[in-house]
Amino acid sequence: MKLTLSDTKYIKDSTSIISELVTEARFKVTKEAFELVAMDPANVAMVIFKLFSSSFVEFEVKEEVDIAINLNDLKQVFRRIKPSDTLTLEDADGKLKLTLKGAQKRTFHLPMIDVEAREQKIPELTFSATIVCPAGQLADAIEDMDIVGESVVFEADGKTFEVSSASELTKAQVTMTPDSNTKIVADEKQKAKYSIEYLKKMVAGSKLADNVQVQFSKDYPIKLEYKVLNVMFLAFILAPRVDND
Amino acid sequence: MKLTLSDTKYIKDSTSIISELVTEARFKVTKEAFELVAMDPANVAMVIFKLFSSSFVEFEVKEEVDIAINLNDLKQVFRRIKPSDTLTLEDADGKLKLTLKGAQKRTFHLPMIDVEAREQKIPELTFSATIVCPAGQLADAIEDMDIVGESVVFEADGKTFEVSSASELTKAQVTMTPDSNTKIVADEKQKAKYSIEYLKKMVAGSKLADNVQVQFSKDYPIKLEYKVLNVMFLAFILAPRVDND
Amino acid sequence: MKLTLSDTKYIKDSTSIISELVTEARFKVTKEAFELVAMDPANVAMVIFKLFSSSFVEFEVKEEVDIAINLNDLKQVFRRIKPSDTLTLEDADGKLKLTLKGAQKRTFHLPMIDVEAREQKIPELTFSATIVCPAGQLADAIEDMDIVGESVVFEADGKTFEVSSASELTKAQVTMTPDSNTKIVADEKQKAKYSIEYLKKMVAGSKLADNVQVQFSKDYPIKLEYKVLNVMFLAFILAPRVDND
Numbered sequence: 093m094k095l096t097l098s099d100t101k102y103i104k105d106s107t108s109i110i111s112e113l114v115t116e117a118r119f120k121v122t123k124e125a126f127e128l129v130a131m132d133p134a135n136v137a138m139v140i141f142k143l144f145s146s147s148f149v150e151f152e153v154k155e156e157v158d159i160a161i162n163l164n165d166l167k168q169v170f171r172r173i174k175p176s177d178t179l180t181l182e183d184a185d186g187k188l189k190l191t192l193k194g195a196q197k198r199t200f201h202l203p204m205i206d207v208e209a210r211e212q213k214i215p216e217l218t219f220s221a222t223i224v225c226p227a228g229q230l231a232d233a234i235e236d237m238d239i240v241g242e243s244v245v246f247e248a249d250g251k252t253f254e255v256s257s258a259s260e261l262t263k264a265q266v267t268m269t270p271d272s273n274t275k276i277v278a279d280e281k282q283k284a285k286y287s288i289e290y291l292k293k294m295v296a297g298s299k300l301a302d303n304v305q306v307q308f309s310k311d312y313p314i315k316l317e318y319k320v321l322n323v324m325f326l327a328f329i330l331a332p333r334v335d336n337d
Numbered sequence: 093m094k095l096t097l098s099d100t101k102y103i104k105d106s107t108s109i110i111s112e113l114v115t116e117a118r119f120k121v122t123k124e125a126f127e128l129v130a131m132d133p134a135n136v137a138m139v140i141f142k143l144f145s146s147s148f149v150e151f152e153v154k155e156e157v158d159i160a161i162n163l164n165d166l167k168q169v170f171r172r173i174k175p176s177d178t179l180t181l182e183d184a185d186g187k188l189k190l191t192l193k194g195a196q197k198r199t200f201h202l203p204m205i206d207v208e209a210r211e212q213k214i215p216e217l218t219f220s221a222t223i224v225c226p227a228g229q230l231a232d233a234i235e236d237m238d239i240v241g242e243s244v245v246f247e248a249d250g251k252t253f254e255v256s257s258a259s260e261l262t263k264a265q266v267t268m269t270p271d272s273n274t275k276i277v278a279d280e281k282q283k284a285k286y287s288i289e290y291l292k293k294m295v296a297g298s299k300l301a302d303n304v305q306v307q308f309s310k311d312y313p314i315k316l317e318y319k320v321l322n323v324m325f326l327a328f329i330l331a332p333r334v335d336n337d
Numbered sequence: 093m094k095l096t097l098s099d100t101k102y103i104k105d106s107t108s109i110i111s112e113l114v115t116e117a118r119f120k121v122t123k124e125a126f127e128l129v130a131m132d133p134a135n136v137a138m139v140i141f142k143l144f145s146s147s148f149v150e151f152e153v154k155e156e157v158d159i160a161i162n163l164n165d166l167k168q169v170f171r172r173i174k175p176s177d178t179l180t181l182e183d184a185d186g187k188l189k190l191t192l193k194g195a196q197k198r199t200f201h202l203p204m205i206d207v208e209a210r211e212q213k214i215p216e217l218t219f220s221a222t223i224v225c226p227a228g229q230l231a232d233a234i235e236d237m238d239i240v241g242e243s244v245v246f247e248a249d250g251k252t253f254e255v256s257s258a259s260e261l262t263k264a265q266v267t268m269t270p271d272s273n274t275k276i277v278a279d280e281k282q283k284a285k286y287s288i289e290y291l292k293k294m295v296a297g298s299k300l301a302d303n304v305q306v307q308f309s310k311d312y313p314i315k316l317e318y319k320v321l322n323v324m325f326l327a328f329i330l331a332p333r334v335d336n337d
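Residue numbers (the working numbering), protein chains in the order written: chain A, 93 to 337; chain B, 93 to 337; chain C, 93 to 337.
In isolation and in its complexed conformation, chain A is listed as follows (with noise of 0.2 angstroms):
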């Protein structure tokens, strides 16, 4: 295996962001992708990570190959790339090879690590509410949100996109209408709570993409979907909080 990255904004920032949820990785290396499907250790989030062949210069793969490693470690690397940097990802001798070339040649060896968890199948999900606007906007809002509490409620119904949280005493709210950049489409009105910690991790993929397209049903899981075209998806799927209160 060997593939080379000239533009490495993408898995650099990729892998920052899934690190925040999965400390240990098993990607895949198929004709098609360097991917990833992952579940946080607390079985709550799921992330599914492709980064296309078509955005390398060079995406040599022979057999489908798996690359379990640590993304602390692979963080690490990846924090000394320049922007002038070619990176190349090759597999030696059971380890992860990773060469940085730009005014010099830089290799890292990083070990190759056993990651027990089975293969992650994707679930199959249908929604009942599916939003999309700017990416920065999202992320704002659970920004927003924080101030207040630990749980976030998303609404939905056709007119409005409701982003809020309350405690006793404090509340916040945030509220889309469908605009030029803004989609909203929902049957009947959708209404569901999810932990802000996790949320606040995943919409550090507003760095990646311009949009995000948001799906979730009432009391039913959220999904949040970045795309470049050609280049990378990451998604994440996060189970709601159906408590109590």
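Think of the hints as simulated: they come from the structure by calculation, not from any bench. Honestly, I wouldn't trust all of these hints.
It does not matter which identical chain is meant; a pair holds if it fits inside one copy or across any two.
Claimed, not checked - Calculated lysine-lysine pairs in the DSBU-like style (CA-CA distance at most 35 angstroms, straight line): (1) Lys193 <-> Lys310; (2) Lys104 <-> Lys285; (3) Lys319 <-> Lys120; (4) Lys154 <-> Lys189; (5) Lys292 <-> Lys154; (6) Lys310 <-> Lys154; (7) Lys263 <-> Lys285; (8) Lys197 <-> Lys319; (9) Lys299 <-> Lys193.
Given the coordinates of chain A, work out where chains B and C should sit on it, guided by the hints.
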């Protein structure tokens, strides 16, 4: 009551500065201004703040309204304001409702609190030395003193204004003389000592106004005034340190 | 003694770098330079610093003067220098008087201290490998190694210069080859190991000079030199790590 600001800088920065001295505060909304007079919990420093009604784009108040609120709560909401947002303050069922309007509409409800302190009266003070100088210069001078000690000596005669601090071994001194930016008026030589901890919080007013007016007398309180014409007024009064050294 | 600088960058940044290795230091002021030779408290590293008299706008010294001072005190004053300030150093009654002149005149008096250490002699060293390369490249290479381990191996033959670090599982390696910016001269293959903790502090010299000269030999000290012609000279000597692995 309904107050709307399109330039949110002054309310935001003032609240942040004031919150370093006072945590719980009672604002008063009169026909003229959104204002505050408060003592710090140690009864050493007073802050006087007015944001004039002329700086609001909407200023509806039928009768004087009191808004007693935790400044840290308020600061958290103000931190979420973007430069292009307008801010509306309303009283709603015993809560303070804050609305930020930009690409999205965002609302926050904060609880009013009981502030036991009786209304503060601004003391009548007569000063023998008055200095007007660039606000940043005073802030720098106080930061310079911070290298040395816990207290700062202010000294002025008609010709120079001096800020100094001395410990057993170290000494720092800043001297200003009258020029196009600096006016110094003093009856004889005035000298007094103040806590650097408080002064550091107060000179943050340099973020808001170009100039500061400094007034003090021998072993007497000091008053710092930051003004933006027709917009805001922020002043601090600090008791002197009269110790035996 | 009276020394005045209008470009304060070199004295400020050098003092900051040196203070990471040595806390109490004895500067010597001769006709030629404001200079220092000091060992770190663990006796592992030596620093040699000269700020040449030609870089000062005023350099009055009748006889050699010693200025023994706490570098943290000095750093605190230097941090208060603004880019447009001139800095004057004088000895005044057993204190070091520092004057910053800009919009205001600011003076600081710092206590001289007793530094017991006898005067340091710069050891005579003969090196078998000499590399000159962009200072930032060496600094980056050391930062790369910091991902891996506590020690760094320097290796050079006539054709390549290599910096590497290895732990049980991880490995990092930077290779430089001669080019228009990089000169490598070595008698046979030279290889030695040094502490990364010290190297990280030393390569901060890259803030001051464009290039660094690296000199070492097999299991022998390393010397790093940062020079700005007619302005300053900053060098470090570091003992090798000769361990059993």
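To see whether the hints hold, each was checked on the structure:
1. With identical chains, the CA atoms of Lys193 and Lys310 are at most 35 angstroms apart between copies only, with a shortest distance of 28 angstroms across copies and 50 angstroms within one.
2. For the identical chains of this complex, Lys104 and Lys285 are neighbours both inside a copy (31 angstroms) and across copies (31 angstroms), given an alpha-carbon limit of 35 angstroms.
3. Taking CA atoms no more than 35 angstroms apart as the test, Lys319 paired with Lys120 passes inside one copy only; the shortest distance there is 19 angstroms, against 50 angstroms between copies.
4. Taking CA atoms no more than 35 angstroms apart as the test, Lys154 paired with Lys189 passes inside one copy only; the shortest distance there is 17 angstroms, against 61 angstroms between copies.
5. In the homo-oligomer, the alpha carbons of Lys292 and Lys154 never lie at most 35 angstroms apart, since the shortest distance is 38 angstroms inside one protomer and 42 angstroms across protomers.
6. Taking CA atoms no more than 35 angstroms apart as the test, Lys310 paired with Lys154 passes in neither setting, with 44 angstroms inside one copy and 44 angstroms between copies.
7. In the homo-oligomer, the alpha carbons of Lys263 and Lys285 lie at most 35 angstroms apart inside one protomer (15 angstroms), although the nearest pairing across protomers, at 45 angstroms, exceeds that limit.
8. Taking CA atoms no more than 35 angstroms apart as the test, Lys197 paired with Lys319 passes in both settings, with 32 angstroms inside one copy and 26 angstroms between copies.
9. Taking identical chains as interchangeable, the C-alpha atoms of Lys299 and Lys193 lie at most 35 angstroms apart whether they share a chain (25 angstroms) or sit on different chains (23 angstroms).
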